[in-house]
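S.K.: Line by line, the protein sequences are chains A and B.
2 is the number of the first residue of the first sequence in the working numbering; add one for each residue after it.
87 is the number of the first residue of the second sequence in the working numbering; add one for each residue after it.
Hints are computed from structural coordinates only; laboratory data are not their basis.
Each residue gets a CB set at the ideal place from its N, CA and C atoms; glycine is no exception.
Treat the hints with care, since some could be wrong.
Here are some of the chain B residues that sit facing chain A, going by a computed Cβ distance under 7 Å [to be verified]:
no., residue
1, Tyr117
2, Ser265
3, Arg267
4, Gly268
5, Phe272
6, Ser275
7, His278
8, Arg326
9, Ala327
10, Arg328
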Amino acid sequence: MMVRTPWLVAVSLILAGHASVLPAQETSNQAEAAAQLSAESVAKSIGRAEAARYQAAELRVEWLETGSLIEQARKEAGLGHYEKAMALADKARQQGELAVEQYEREAEAWQQRVVR
Amino acid sequence: MHRLALACLAVALSVTARADPEQDREAFRAYFLQRFPDVPVAEYVNGIYAIDDKARAQWQEIEAFPPYEFAVEQGEALFGQPFANGRGYADCFENGGIGVRQHFPRFDLERGEVVTLELALNLCRMDNGESPYPYESDDLIALSAYMAWTSRGETIDVKVPDDPRALAAYEDGKRFYYSKRGQLNFACSDCHVTSAGSWVRADHLSASLGHPSHFPVYRSKLGEMISLHSRFYGCIRDVRARPLDEQSEEYRNLEYFLTYMSNGLEVNGPGARK
Chain A
2 MMVRTPWLVA
12 VSLILAGHAS
22 VLPAQETSNQ
32 AEAAAQLSAE
42 SVAKSIGRAE
52 AARYQAAELR
62 VEWLETGSLI
72 EQARKEAGLG
82 HYEKAMALAD
92 KARQQGELAV
102 EQYEREAEAW
112 QQRVVR
Chain B
87 MHRLALACLA
97 VALSVTARAD
107 PEQDREAFRA
117 YFLQRFPDVP
127 VAEYVNGIYA
137 IDDKARAQWQ
147 EIEAFPPYEF
157 AVEQGEALFG
167 QPFANGRGYA
177 DCFENGGIGV
187 RQHFPRFDLE
197 RGEVVTLELA
207 LNLCRMDNGE
217 SPYPYESDDL
227 IALSAYMAWT
237 SRGETIDVKV
247 PDDPRALAAY
257 EDGKRFYYSK
267 RGQLNFACSD
277 CHVTSAGSWV
287 RADHLSASLG
297 HPSHFPVYRS
307 KLGEMISLHS
317 RFYGCIRDVR
327 ARPLDEQSEE
337 YRNLEYFLTY
347 MSNGLEVNGP
357 GARK
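Take these sequences, add in the hints, and give me the full structure.
M.R.: Have a look at this one:
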C-alpha cells in the first residue's frame with residue numbers, strides 16, 4: 002500500500018496535466034490569433050475613423066469628441082484592449098460620417114430657419 | 087407646364103435665399119418685437135436682461151461697481167502707448183479710434199474680407215512693426231473694451247457694400263447662424279431665435295437681437311473678460327461641435343451677419359454677464 006501510493010499520485014498528475022495543459026495551450030494560441038486579427042482590424046477601424054474625422058474637419062463641421070475618441074482607441078489598442086479600441090474607433094467613425102451627413106443636409110435645410 | 091412650374095419655383099427659391107441684408111434685418115427685428123411685445127427695441131442691447139426681470143435686478147446691482155472697469159482702464163493705457171516707431175493705434179483708425187466701434191466689423195474691399203475690431207487692432211500693430219496679440223489675450227480684449235467704451239451710445243451701423251464678396255461674406259455668416267451643427271444638432275437660431283426666453287437649465291436663453299452690442303464682456307462665472315468670438319467658441323462647444331479659432335473667417339462672417347442684424351441699436355459695451 003505504501004509503495005503503490007506514489008504511482009497513483011504520479012499517474013493522476015500526468016492525467017490531470019494532460020487534460021489541462023493541452024486545452025490551455027490551445028486557448029492561448031487561439032487568443033494570440035484573435036489578438037493578431039484584432040490588432041489588424043482595430044488599426045483598420047482607426048484608419049477609417051480618422052478618414053471620416055478628416056472629412057468632417059475639412060468641411061469645418063467636426064464634432065467635439067471625435068478626435069479624443071480616436072486617441073482613446075489608439076491608447077486602448079496599445080494596451081491590447083482590442084474590443085474596447087474597436088468600439089471607440091467605430092463610434093468615432095460614426096461621428097465623422099454623421100457630421101458630414103449633417104453638413105450635406107444643412108446645405109439646403111438652413112434656409113427653412115431664416116426669419117422672414 | 088410642369089417644367090415651367092419647377093423653373094418658377096427655382097427662381098422664387100433663389101430670390102428668397104438671396105434676400106437682401108436690409109430685408110433680413112427688418113424681419114429679424116420684427117420677429118423679436120412680436121415675440122416680446124412688452125420689450126422696447128432699445129432694450130435688446132442688454133441681452134438676456136431685456137427679457138428676464140430677476141436676472142436684470144442682479145445685473146443692475148453688478149453694474150453699480152462694473153467689473154469691466156479695470157479692462158477699460160488697462161485698454162486706455164495701452165491705447166495711448168506709442169509703438170516702437172512712434173506711431174500708435176490712434177493713427178490706424180478714423181477719428182483717432184475714439185467712438186468707432188459701431189462701424190465694426192466692416193468689409194475691407196482691399197483685403198476682400200471682413201475685418202473685426204480685434205483684427206483691425208492686430209493689423210495696426212503689424213503695420214507698425216509690432217507682433218500681433220493672440221486673440222484671447224487680456225491686452226487685446228482690454229483695447230477692445232476701451233474702444234467700445236468710447237463708442238457707448240453710438241448707433242451700430244455696419245455696412246454691406248455693393249460688392250459680391252461682401253454679400254457672400256454676409257450670406258456665409260447668415261448660413262452659419264442658421265445651420266445646425268455638432269452632436270446636439272443645434273443652430274445658433276435654435277437657441278437665440280426659436281427658443282429665446284426659454285429656460286436652459288437655470289437660465290433663460292437670450293435673444294440674438296442686440297447680441298454683439300455689449301462685447302467684450304466680463305463673465306462672472308469665469309472671472310474674466312471675454313470677446314464675442316470667445317462666446318461663439320463656447321456656444322459651438324456647448325452643442326458639441328469642435329469650435330473654430332477666434333477670428334477664423336467663419337466667426338468673422340458670423341459677427342458680420344449678427345452685427346448687421348443689430349444695426350440701429352446702440353453700442354453699450356463693454357458689458358457684464360453671468
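S.K.: With reference to the structure, classify each hint as holding or not holding.
M.R.: Results of checking the hints against the structure:
1. Tyr117: With Cβ-Cβ at 5 Å, under 7 Å, it holds.
2. Ser265: holds, 4 Å
3. Arg267: holds, 6 Å
4. Gly268: Constraint on B:Gly268 satisfied, holds at 6 Å.
5. Phe272: violated, 11 Å
6. Ser275: Nearest chain A Cβ about 5 Å off; hint holds.
7. His278: violated, 11 Å
8. Arg326: Given a least distance of 4 Å, the restraint on B:Arg326 holds.
9. Ala327: holds, 6 Å
10. Arg328: Result: holds, 4 Å to nearest chain A Cβ.
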